[in-house]
Amino acid sequence: MQIAHQGAALPPIGETNGPTPAARPATVVDGRADGLAIRDRVEISGEARQVVAAERGQGGRPEDSTSEEPKTPGSKELTADEKREVEQLKARDLEVRAHEQAHTAALGGGSARFGYEVGPDGNRYAVEGEVPVSIKSTPGNPEQTIAEAQKVARAATAPAQPSGADFSARARALEVERRARDELQQEQAEESRPQDDPEQPVALGAEPPKL
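If you're matching positions, the sequence shown starts at 1 in the working numbering and goes up one per residue.
Keep in mind that the hints were calculated from the coordinates and are not lab data. You may find that some hints are simply not true.
[As the list claims (entries may be wrong)] Listed next, with one range per pair, are the computed distances between beta-carbon atoms:
(1) A160 to P194: 47 to 57 angstroms
(2) L184 to G108: 16 to 26 angstroms
(3) K83 to A160: 22 to 32 angstroms
(4) Q186 to A98: 39 to 49 angstroms
(5) G110 to F167: 18 to 28 angstroms
(6) E77 to A147: 12 to 22 angstroms
(7) L78 to Q150: 45 to 55 angstroms
(8) G109 to G164: 49 to 59 angstroms
(9) E175 to G108: 18 to 28 angstroms
(10) R113 to E187: 34 to 44 angstroms
[To be verified] Calculated cross-link-like contacts (lysine to any residue; reagent style SDA-like; alpha-carbon spacing at most 20 angstroms):
(11) K151 to E183
(12) K136 to R181
(13) K151 to A171
(14) K136 to A98
(15) K76 to E87
(16) K136 to P162
(17) K151 to Q101
(18) K151 to T138
(19) K151 to P139
Built from N, CA and C at the ideal position, the CB exists for glycine as well.
Throw the hints in and build the complete structure from the sequences for me.
Given below as C-alpha cells:
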C-alpha cells in the first residue's frame, strides 16, 4: 500500500516481455484535503496458488480476473514454462484483487484501479492496484479529521498480509491524526483558560461630609 497524490496515473499496462511495474515511494499532500492513493504490489502466497490450482481443476478462473480468451485461429500451444507463468499470473491476479478488496471494505466503499501485465496466453492479469482515498481536514473541526485519519489507518493494514507500503500509509495517516489532536488540545486549552474579571464600576462624586 502506498500513499501518493490523488489521481496519480497508474503504471501502463505491462508489455508481454516488459518488467512488472514497481511501487513508487510514498508521498503525501498536506492541506485541507490530503489526497491519497493506496497503492499495492502483492506477493503470491501459497494459499493463492492452491486456490488457482483448484479452480483450474474445476475448469474455472478467478472472477473478473482476466480479459476474454483470444479467439485468434491457429493459436500456438503454450510451452511448459509459459503455462507455469500463466498460473503464477493467475495467482497474483487473485491475490491483488483480494488485497484491494480488503482496503475498500475497511474504507466503507470506493473502487480499486489496477495495473496489468499481459501473459503468454495474451490475457491481462492484475499485478498491482490503487485505491484513491482522501483525508478531509475540516477547518475548526479536528474531531472529524481525527475520525477520517483513523479510518484510513485501519484500511491501510486491513489486508491479511499488509505490505511495507501499507505500513507506511498507516504511519502517514496517524501523523495526520496527531496533528489534528494537537489542534484539538489547543482549542480545548483556550476554551478552559480563565477569563479576567471585568472591571468593577467606580462611582465618581464628592465624599459625604464627616460628622
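Here is how each hint holds up against the structure:
no.	hint	result
1	A160 to P194: 47 to 57 angstroms	52 angstroms, holds
2	L184 to G108: 16 to 26 angstroms	23 angstroms, holds
3	K83 to A160: 22 to 32 angstroms	28 angstroms, holds
4	Q186 to A98: 39 to 49 angstroms	42 angstroms, holds
5	G110 to F167: 18 to 28 angstroms	20 angstroms, holds
6	E77 to A147: 12 to 22 angstroms	56 angstroms, violated
7	L78 to Q150: 45 to 55 angstroms	48 angstroms, holds
8	G109 to G164: 49 to 59 angstroms	26 angstroms, violated
9	E175 to G108: 18 to 28 angstroms	22 angstroms, holds
10	R113 to E187: 34 to 44 angstroms	38 angstroms, holds
11	K151 to E183	19 angstroms, holds
12	K136 to R181	14 angstroms, holds
13	K151 to A171	12 angstroms, holds
14	K136 to A98	27 angstroms, violated
15	K76 to E87	17 angstroms, holds
16	K136 to P162	24 angstroms, violated
17	K151 to Q101	15 angstroms, holds
18	K151 to T138	15 angstroms, holds
19	K151 to P139	19 angstroms, holds
Checked against the numbered hints above, the structure breaks hints 6, 8, 14, 16 and satisfies the rest.
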